[in-house]
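Participant: We have chain A; now place chain B onto it with these hints.
Number of protein chains: 2
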Amino acid sequence: MWNIMRTLIMACTLLASLQLRAEDGYRLWLRYDRIDDPALLTQYRSSVTAMVFPAPSPTLLVARNELLDDLGSMLDKKLPIRTTPSDNCILAGTPSSSPVIAQLLSSKYPGLAGDGYVLHSQLVEGKHLIIIAAHSDIGVLYGVFAFLRLLQTHQPIQNISLSSSPLVQRRILDHWDNLTRTVERGYAGASIWNWHLLPDYIDQRYIDYARANASIGINGTVLTNVNANSLVLTPLYLQKVRALADVFRPYGIRVYLTAKFSAPVDIGGLKTADPLDPAVQKWWKDKCDEIYSLIPDFGGFLVKANSEGQPGPQTYGRTHTDGANMFADALAPHGGIVMWRAFVYDVRPQRKNEHFDDNPAHAEGHKAATADAGTSKTPVVDSGAHNIPVSRPSPGEISAPDRFKQAYAEFTPFDGKFRPNVLIQVKNGPIDFQPREPFSPLFGAMSKTPLMMEFQITQEYLGQGTHLVYEAPLFKEVLDADTYANGKGSTVAKIIDGSAFHPGQGSPFTTPTLQPGISPGGQTTADQLAAAPLTGMAGVSNIGNERNWTNHPFGQANWYAFGRLAWDHTLSARQIADEWVKQTFSNNTMVVSAIEKMMMASREAVVNYMTPLGLHHIMSSSGHYGPGPWLNNAPRADWNPVYYHRADAYGIGFDRTATGSNALTQYQPQVRQQWLDSNTCDEKFLLWFHHVSWSHKMKDGHTFWDELCNRYQSGVDTVKWMQRQWKSLAGLIDKERFTQVSMLLNIQEKEAEWWRNACLLYFQTFSRMPIPPGVGHTDQTLEYYKSLRFPYAPGTGISL
Amino acid sequence: MWNIMRTLIMACTLLASLQLRAEDGYRLWLRYDRIDDPALLTQYRSSVTAMVFPAPSPTLLVARNELLDDLGSMLDKKLPIRTTPSDNCILAGTPSSSPVIAQLLSSKYPGLAGDGYVLHSQLVEGKHLIIIAAHSDIGVLYGVFAFLRLLQTHQPIQNISLSSSPLVQRRILDHWDNLTRTVERGYAGASIWNWHLLPDYIDQRYIDYARANASIGINGTVLTNVNANSLVLTPLYLQKVRALADVFRPYGIRVYLTAKFSAPVDIGGLKTADPLDPAVQKWWKDKCDEIYSLIPDFGGFLVKANSEGQPGPQTYGRTHTDGANMFADALAPHGGIVMWRAFVYDVRPQRKNEHFDDNPAHAEGHKAATADAGTSKTPVVDSGAHNIPVSRPSPGEISAPDRFKQAYAEFTPFDGKFRPNVLIQVKNGPIDFQPREPFSPLFGAMSKTPLMMEFQITQEYLGQGTHLVYEAPLFKEVLDADTYANGKGSTVAKIIDGSAFHPGQGSPFTTPTLQPGISPGGQTTADQLAAAPLTGMAGVSNIGNERNWTNHPFGQANWYAFGRLAWDHTLSARQIADEWVKQTFSNNTMVVSAIEKMMMASREAVVNYMTPLGLHHIMSSSGHYGPGPWLNNAPRADWNPVYYHRADAYGIGFDRTATGSNALTQYQPQVRQQWLDSNTCDEKFLLWFHHVSWSHKMKDGHTFWDELCNRYQSGVDTVKWMQRQWKSLAGLIDKERFTQVSMLLNIQEKEAEWWRNACLLYFQTFSRMPIPPGVGHTDQTLEYYKSLRFPYAPGTGISL
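Chains as they are written, first to last, in our numbering: chain A, 1 to 800; chain B, 1001 to 1800.
Possibly wrong hints are sitting among the right ones.
To be verified - Restricting the straight-line Cα-Cα distance to at most 16 angstroms, the calculated cross-link-like pairs of lysine to aspartate or glutamate (EDC-like) are:
1) A:K735 <-> B:D1208
2) B:K1750 <-> A:D200
3) A:K735 <-> B:D1069
4) B:K1448 <-> B:D1415
5) A:K750 <-> A:D779
6) B:K1786 <-> B:E1753
7) A:K240 <-> A:D200
8) A:K78 <-> A:D33
9) A:K282 <-> A:D322
10) A:K750 <-> B:D1200
11) B:K1699 <-> B:E1683
12) B:K1735 <-> A:D69
13) B:K1684 <-> B:E1477
14) A:K697 <-> A:D677
15) A:K750 <-> A:D717
16) A:K684 <-> A:E477
17) A:K699 <-> A:D682
18) B:K1735 <-> A:D208
None of these hints come from the bench; they were simulated from the model.
Chain A on its own, in the form it takes in the complex (with noise of 0.2 angstroms):
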C-alpha cells in the first residue's frame, strides 16, 4: 500500500516538476495551475463543490468551459454542472437566465450596467451560492476571469461582494502588422496572423489570443498596420479577416481594420480617393456593405492620413473632417466606427526629390514605403495650409516649426465637426511614445469631439524586446495629468472616459455582441452612439510569434497592464503588478514583492538611462535602436536627434516657451503655470520645455550637467540593482523563465551603460564640464559609439 502511495506522490511530484520545466511562457497570465497552498486550496475546493450555469449562447458556452477547465486545474478537481443549485455551489448568467441573478442585479447592484458584472456570494435557499452575474453574456464572461483571477491570486471567495464595470467602451489593441508578416516596432517575431493560410487554418494561437484579450477585457483588435495596405480590402483578404472575427466573435473581440486613403485608386479602379467625389463615396459605402456582409460586427476602421507619407483628404485639399466623415458615413448604417489618428506631422517634402518615406527608419510609416509602393502614384495635391517651411536647425536654433504643435494645430480647428461615430486617437504626448512626454495639449482641447487614448505597448523607444520595463507607470502619469479643461480634476482619464465633459460618462456603456447569423441591427447601434459619446484606448501591440508571444517575459506585463486600465484606469499600477506577478510567476511573497519592486522601478530607471530630464528622440535612426544624440543627417530636420536636444555651448533643451516655440500655449493656464518656468518647472519635463544652461542650478543645488551625469548614472544603477533581485529569486521560478529574464537583464545592463556612455561623452563634447564622481565612464571614444551599426535592428519592418 505505501508503495503505491509513495509511486503515485513521486508521479505527481514528477510530473508537477515537467510542468515546471516546460513553462515557456505560451499559456501567459492563464497559467492556473493547481493552488499550491494545501489550505487555501481545502478552502477553495470546500467552497466550491459545482456550478449551475446555463449556456445558450456562444459566448456563455466559452465562458463555462473556461470555468470548468481552468477550476479543475487549480481545484485538481472537476466540478459537476447542475440544473439547479447545491450548496457552495457557483451560480452564473444573466438576468433572462436567473430570477436569482435577476433579483440581485436589481436589488444589489442597480448601478451595474452595461459589460460590467458582478461576483456575489449569497444564501438562497439555504444554499451557499457564489454568484457571477451580468447584464450581457460577455459581461459573464469578464465575471468568470475575474473570478479565476481571485482563485490565481489566492484571495478569499468566501463572502465576496463586488462589481466592476469598464470605463471605456472601445478596448483595443492595434497590431502593427503587415500582410507579408513582418512587425512594424515587433520585437516578438513574426506577426501572429499567418495571412497566407487563412481562412482554412485557425492556429490554435488566435483562440488563447482571444482568451488572453477577454481576460482582461479588451474588446477589439485592429488587425493591420496603421502604414496600411488596400489589398487588405479585397475579397480574397476579407475571407481572411471574417475567419478570425469567427473566432474573436464569442470572446466579446470585433475586428477592426486600416483603411488606405487611396484604397479606390488602389483596388477600386478609381482615378481619386477624393473624400468629397460621389464616386468615392459611393466604393466607400459598397465596400462597407461588403465587409457588413460577411462580418457583421466589424469594429470599423482605423486611419492613418495624411502622415509620414501616407495619403489622405489634404491630397485632395480637403480637411480631416472631410476625410474622417465620409469613412463615418459609409460604417454609421452598420454601426461601425472610424478611429482617426492624430499623429500627423506630414508637410511637403523638404528638399526637392525627396519624399517623407524615403527614410524609412526614422517613421511608422517606412513599411509603406516597401510594401505599396504603388501608392507614391496618388497625386499630390498641396492643401496650402499646411505648407510650413522647414529648415534643418542648426544646434540651438529655434526657427524651424515644432512637431509638438502640428496635431493641435491641425484639429483643434474642427472641435464639434466629426460624425458621432468618429473617434480621434491620440498619441499619449506630442511627440511620439518617448521614454517620457507631458500628456498631448489635444487633451482637453476638443470638448465637442471624443478623443481615444494611443498607448504604445510595444517598446519602440522603451529598450525594444530585451529591456525590462512595467509600463503601467507611464500610462498612470499620463492618465492622471490634469488638463484643467473643464476645471481642476480635469484629468486625461476623464477626457478619455468622457466624464470631464459629459458627467455621466465614464460610467459603462454596452458594447453589443452580435452572433453569427444575427443581423446587426444598426439602427439600435447608431442611436446608441448618438446618445452617449464614444470613448476608447488603443495600445499597439507588441505581440508576436515568438514561443511567449512578446519575447521578453515582462513583455506580457504590458499587455496586461494595458488591457486591465483600459478596463478601469483607477488601477493602480503597483495593483496591476501584484496580480499579473501572482499570476505570471507565483504567489510566493519572496518572489511577488521582489517582482514587484523591480517593476515599480523599471520605467524610471529606462527615463534616467536613456533620456532623463526631458530629453526626448535622441535614438539612433537605425531602427531607434541605442543612442543618436548626434544624427543630424535625415532630411526632415525633425527627424534628426539634434534638433529635440538643440544642445550647444550654452546649454541643451527645446525651448517652447514665448521666447521659443512657444508650443505651452497650447495647455490650459495652470498647466502651462506649472511648466513655464526653468526654475520651478517639474525637473523631469525640463528640457521639453526650456533650453537651460549647463550650469543651471537645479532644486537639490548640483548643477544641470552634474544632474544629467547622475540620472544616467542611476538609471544603469538600477538595472544593476534590479538584477541582484532577480537573481535572489534563484530556485523560485522555473529554470526556464529565470535564465531567460536574467540573460535579458545582463543585455539591458549592456545598453543602459550603452546609452550612459554614448550620450555624456557626446554632450560633454557642448558642455565641457567633467563627469562627476560616482558616475561610471568608458574607455572607448565618442567616435567609437558613432561607428556602430546594426543594419538588421528588428522592428523595422524588413527585419523580425
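Facilitator: Just chain B now, with coordinates in the frame of chain A:
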C-alpha cells in the same frame, strides 16, 4: 487513507490530461511521456533500476542528463546514479571510462568505428547490465538517444545486442535563413536564429534544436542562406556565430557558414575577389584564422558561386576549382571543409538591362538581390566558356540550352582537381527539387571527387507549408537509384558514402569533437582528411520559429527522416515512419498503422496531383505556390513552365534524347537505356525525356491524355482517402494536433483539386481531347485560374 489515494490518483490523471491538452508539437519526437502500457512499464522498470555514467566531458554530461531526465519521465521514476554497477543497471561510456566497455567493444564489436554506438545486454559479475558504449563521447550521446528510442517505440530491452554507425561523415542541415530573419523557402515563420539578440541571449530553442538533431545523428548546421550575406563574416556577427557554436558543441554539432564570394570586396575593402589574387587569398586565410580563433571546431564554408546572380570565380574569368580551392587552402590548416554547390546555371543576362536577380520569385536567388544590393557593383567579367545564348522557346521548340545539362557540363571537366577538403554539393535531381526527378547525372560522373547529396527538406515544390508529404520515399528513390558508374549496384547512396569508388568507405569515420578551450588540432584533422575522402549529405531545413518548428506537424517527419537517412541510408522509408509516428503520436497500433499508410502514400499523391508522368517545374512564379503551366513571361527561358512541359498540338514533354537536348548522354549506357525509348521508359519519368503525343499508348492501354487526367484524379483521390484515414483517429490523438492536421488536409484537398483543374484545363487547350469519365471537373474557367494572384505567398524572403 483511501481519500488521499483517490486524490493522488485524480491528481495524476488530471496532470496527465493537462499534458495531453498542451500538446503543441514543440517537443517534436522527443516527448518521453510516461510509458502508457502498464505491463511494459513494469518490465522496463525492472530492467532499468540505476545507471553508472561517468561524465567527464560536456558531451557526456548532456548525454547523462538526457538519459536521466527522459528515463525519469518515461518510467515515472528517478534513477540513482552509481559509481559501480548494481543489478539491472545501465553502464554508459567509452573504453577509457570502463574496462567492461573496452573489453566489450574489442571482443564483440571490433568493427565499430568512429561515432557509432553499441547497445548491449550483458551479465557482468552476476549483474544484468545494459551497456551503452562508443569510442567517442558523441557516440555515447547517439547511443543514449537510440536507447531512449527503443523505449519510446515500445521495443524489448531485455536482450539487446545492436550497433549502428553513420555511413556518411557530414550530416548537415542547410538553413536558407537570412540575417533579417526571413527564411527563403521557409514556411514555418521566422528564422529561429535571433541574430539581433545573439550572442547575449540564448533562446531555449537553440538547445532543443541541438538535442533534436543529435537524436537523429545530424552533426552540422549551415546557419545562413546560400544566397549569402557577407556581413555574417564581420566581427559583430562572428561573435554571434560563436555563441551558437558554443551551444551546439556538446551535442556534436559544428557550425558552418555560407561564404559570399565577393566578401573581400563587400567587407574587406579590396577591389577584387579574384581567387588567384594573392591579396584575396590572404584575406580569406586571415578571415579563417579569425574564425577559428573564436570557433576552434568551425566546420567550414558552403558556397553558391556563379549561380542565379551570386558572384563567383567565373566573374573573374576563373574556374570552379580556382574558387573552391582558394577556400579549401584557407580552411585546411584548421581542418575546415568547403561545400561547393553544383547548382549552377548562371549565364549572362538574356536580355539587355535584365539581371538574374531581378525576378526574385523564380529563384533561390532573389533574397541576395534585396539584402545585398551592393554586390551588383561587383564587376561582371564574361568567362567566355559559359556564354550560352538563350531565347524564349516557342512551344515545342528545343533550341534553347537545357539547364538539365549545365552542372554536368561545368563540373565533370574538373574531376580530381579539387582539394581533398572540398565536397561538391549536388542537388538530388538535375533541375530543382521537383516532386519527382531522375537522379542528377553528376552522381557517378566524378569518380575522383567526393560528391555530397543536397536534399530539400523544406517543401518548396511539395505543397509548401500545408501539404502532408512524407519525403523519405523521395530520398530513398534517389539514394537507391543505380548509376552503374562502377558497374551494377553503384547506387547514388554508394556514390555519396564513397563505397562505389572506394571500397571500405561507407564505413564510419570519426568527426573530431572539440571541447571549448581545446586547440583545434588542425594537423590531425587535415591528416584524416587526406586519409579518407570526405562524405556528406545535406538537407535544406524546414525549420522556423512557429511553436511546433515546422508548422505542419508532419513536416517534423521530414526533418527526422533526413537525419536518419543521412546516418544510415539503408533504413527503409516505412521503418523510419514507424519510429517517427510512435515517438511523435502514439504506439497505438491503429494510429501507427493509419498514419504510416498515409505517409507512405503521400509522396506519390503529390507527384500525381502536381506533376505526374515526368512533368516538372510547372508551378506558379508567385513564390512557386500553386500551378502555373501557362507562364511564359519570365526573363529567363528556363524560369518558364512552358520551357519545361513544351505542350503543343502534337503532345507534351521535353525531348532529352538525341533528337532533342540529348541530356541522356550524361548518364551511363545502362541508365540511358532505361529511359531512351518512349515506349519502354519508366512512365514516371516519361516527360522528363520524351515529347510524346497526346494519343501515345501507355502501358495500361490508355492514351497518354487519359492517363494524365487519371493521374491527376488519383492524386486528389489519395488526399481524400488520407482525410478519411485521419478522421478515423479522432480521440486517439490529442485534440490540438488532430484539429491542426484536419484543417491542413482540407487545404491540401482544395489545392490538389486546384492543381488538377488548372493543369487539365490548360493542357486541354493543346490536346483538344475530352476529360475522361471519373475525373473531377470544375465550373471555373482556365482564365479564372490564370487570374489568381498571391502577392504575399510565403517563402520568397519577403513574406513569411
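Participant: Against this structure, judge whether each hint is valid.
Facilitator: Consistency of the hints with the structure:
For the hint linking K735 (chain A) to D1208 (chain B), the alpha-carbon distance of about 15 angstroms falls within 16 angstroms, and the restraint holds. For the suggested pair K1750 (chain B) and D200 (chain A), the alpha carbons sit about 10 angstroms apart, so the restraint of at most 16 angstroms is met. Pair hint K735 (chain A) plus D1069 (chain B) holds up; C-alpha atoms about 15 angstroms apart against a cutoff of 16 angstroms. Distance hint between K1448 (chain B) and D1415 (chain B) is fulfilled; the C-alpha atoms sit about 6 angstroms from each other, no more than 16 angstroms.
Distance restraint check for K750 (chain A) and D779 (chain A): the Cα-Cα separation of roughly 14 angstroms lies within the 16 angstroms cut-off, and the hinted pair is therefore satisfied. This hinted pair checks out: K1786 (chain B) and E1753 (chain B) have alpha carbons roughly 15 angstroms apart, not beyond 16 angstroms. In summary, the hint linking K240 (chain A) to D200 (chain A) is supported, as the alpha carbons are separated by about 8 angstroms, within the 16 angstroms threshold. The straight-line distance between the Cα atoms of K78 (chain A) and D33 (chain A) is roughly 14 angstroms, inside the 16 angstroms bound, and the hint therefore holds.
Restraint check: the Cα-Cα separation between K282 (chain A) and D322 (chain A) comes to about 15 angstroms, which is no more than 16 angstroms; the hinted pair holds. With a CA separation close to 10 angstroms, the supplied pair K750 (chain A) and D1200 (chain B) stays within the 16 angstroms bound. For the suggested pair K1699 (chain B) and E1683 (chain B), the alpha carbons sit about 8 angstroms apart, so the restraint of at most 16 angstroms is met. As the CA atoms of K1735 (chain B) and D69 (chain A) are separated by approximately 15 angstroms, the hinted pair is consistent with the 16 angstroms bound.
Of the pairs offered as hints, the one joining K1684 (chain B) and E1477 (chain B) holds, with about 12 angstroms between alpha carbons and a cut-off of 16 angstroms not exceeded. Note on K697 (chain A) and D677 (chain A): the hinted pairing holds, with a Cα-Cα distance of about 13 angstroms set against a maximum of 16 angstroms. Pair hint K750 (chain A) plus D717 (chain A) holds up; C-alpha atoms about 12 angstroms apart against a cutoff of 16 angstroms. Note on K684 (chain A) and E477 (chain A): the hinted pairing holds, with a Cα-Cα distance of about 12 angstroms set against a maximum of 16 angstroms.
Proximity of K699 (chain A) to D682 (chain A) is assessed by CA-CA distance (about 10 angstroms); at most 16 angstroms being required, the pair is judged to hold. About 15 angstroms separates the Cα atoms of K1735 (chain B) and D208 (chain A), which keeps this hinted pair within 16 angstroms; it holds.
Of the numbered hints given earlier, the model fails none.
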